[in-house]
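Student: Chains A and B, in that order, give the protein sequences.
Every position in the first sequence, counted from 1, becomes a number in my numbering once 1199 is added.
Every position in the second sequence, counted from 1, becomes a number in my numbering once 96 is added.
If you are wondering where the hints come from, they were derived from the structure by calculation, not from laboratory data.
Don't take every hint at face value.
Here are the computed distance ranges between Cβ atoms for each label pair [what the hints assert, rightly or not]:
hint: 1; chain 1: A; residue 1: L1241; chain 2: B; residue 2: H202; range: 33 to 43 angstroms
hint: 2; chain 1: B; residue 1: S111; chain 2: A; residue 2: G1375; range: 32 to 42 angstroms
hint: 3; chain 1: B; residue 1: L120; chain 2: A; residue 2: E1246; range: 57 to 67 angstroms
hint: 4; chain 1: B; residue 1: S115; chain 2: A; residue 2: T1333; range: 51 to 61 angstroms
hint: 5; chain 1: B; residue 1: R162; chain 2: A; residue 2: G1375; range: 49 to 59 angstroms
C-beta atoms are modelled at their ideal positions from N, C-alpha and C, and glycine is treated no differently.
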Amino acid sequence: MVQGLGVGLVSVVSRDPHEPNRIHTMIEWAKEGVEQILLIVLGSYAEIDLVDLVRFHYQGQHPVTKVFDQEGPLGVSLMHRGCVLTDQGPADHDGYQPSSRYDFLGYAVRLSSTVSYRRLVKDALEGHCGIHPTGTQVRESVWIEPSARVDPSVQIDAPCYIGAASNIKAGVTIRGCSSVERNCEIDLGTILDHASVLPNTYLAPGLYVRESVVDGTKLEHLGRGVSLDLGTAGLSARIGRRANPLCRSMRVADVRRTGAPGR
Amino acid sequence: MKSTPVTVKRLPDASDQASQKRFLRDIKEFVSRSTRPRLVLDLSGVEQIRPESVDLLLECVDHAERGDGEVFVAGPSARTTVILELTQVASVVRMVSSVREATAEHQPNDFESGTQSCSLHAA
Chain A
1200 MVQGLGVGLV
1210 SVVSRDPHEP
1220 NRIHTMIEWA
1230 KEGVEQILLI
1240 VLGSYAEIDL
1250 VDLVRFHYQG
1260 QHPVTKVFDQ
1270 EGPLGVSLMH
1280 RGCVLTDQGP
1290 ADHDGYQPSS
1300 RYDFLGYAVR
1310 LSSTVSYRRL
1320 VKDALEGHCG
1330 IHPTGTQVRE
1340 SVWIEPSARV
1350 DPSVQIDAPC
1360 YIGAASNIKA
1370 GVTIRGCSSV
1380 ERNCEIDLGT
1390 ILDHASVLPN
1400 TYLAPGLYVR
1410 ESVVDGTKLE
1420 HLGRGVSLDL
1430 GTAGLSARIG
1440 RRANPLCRSM
1450 RVADVRRTGA
1460 PGR
Chain B
97 MKSTPVTVKR
107 LPDASDQASQ
117 KRFLRDIKEF
127 VSRSTRPRLV
137 LDLSGVEQIR
147 PESVDLLLEC
157 VDHAERGDGE
167 VFVAGPSART
177 TVILELTQVA
187 SVVRMVSSVR
197 EATAEHQPND
207 FESGTQSCSL
217 HAA
């Protein structure tokens, strides 16, 4: 999207304040003659019309234009080189740079929490935002990457996304706008219900993962607002460091066969 | 004649195998002398259930089912609830918010001696 503007230089800089040269790089660009700098702080997904933003910035009277939505700043700014070369910029005595405010009314999600991440996944799968899942659309609202392996017995309720090189084993159920990112393994009979599994995650057999985001051994249950480490119990693992499943779920299945009390 | 259909217990220390064996022996005895026993496991003091305790809980379910009974899990924390749901144990037990809720419909003489009150639980 940025490159579509005809921008000559795109750079990704670490947010780590201890990272050397993170500001220096921008100063160098400005010294070398870069006129306008579009600064996007990664942390939100916003479908901003950057061409319109640039037009607005040029029409404005200030060296800085900041993008806001109804919740506040989105971390997107367009600034004149003078703001970076502070000794040349129009800052006042406190270093304050007067700025224009660009009010954005389109789709935006701040990715500051797993709740927000799940919302973005759900909106993407339901077609409520501009993100289009990659992979092959095997049927309506079901996208599976060609390199994924999905057992024929797997039950999938649309919408759903299964990422590259992931292995979905027999008896798995995927429903409720769930997503499985790349290089994951979902073991026998596990149920994903309104859940997202992040890359390189193994999930043990027979689990019921609901309203959660799982990243390696870490599970965050969005409904109950708790985070758990599943690694010690062998219920999940980071691919490459797989734990030995304790087969509790299989034992639950044994108990069920004897006739479980109704809930 | 079989009697005492309700008992309330706390799970023993997950790292103490002797306590676990004793606990299971008590459960088996309770089930064997009861008709449709109701076993209430008070987890109100447990921040996060450990894998060993999940196994033990399933053993309890197994024994209770043999006596046509049922297991209640009372007062689990949010973390314990998530683990029991995740492992699908929640589908084979009755999850209730407190021991009081699990035992509300029972008369005092339904209880096994010494188990009516949370403070008197045998572990």
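Student: Check each numbered hint from earlier against the structure, then list the numbers of those it violates in ascending order.
Tutor: Checked against the structure, the hints that fail are numbers 1 and 5, while the rest are satisfied.
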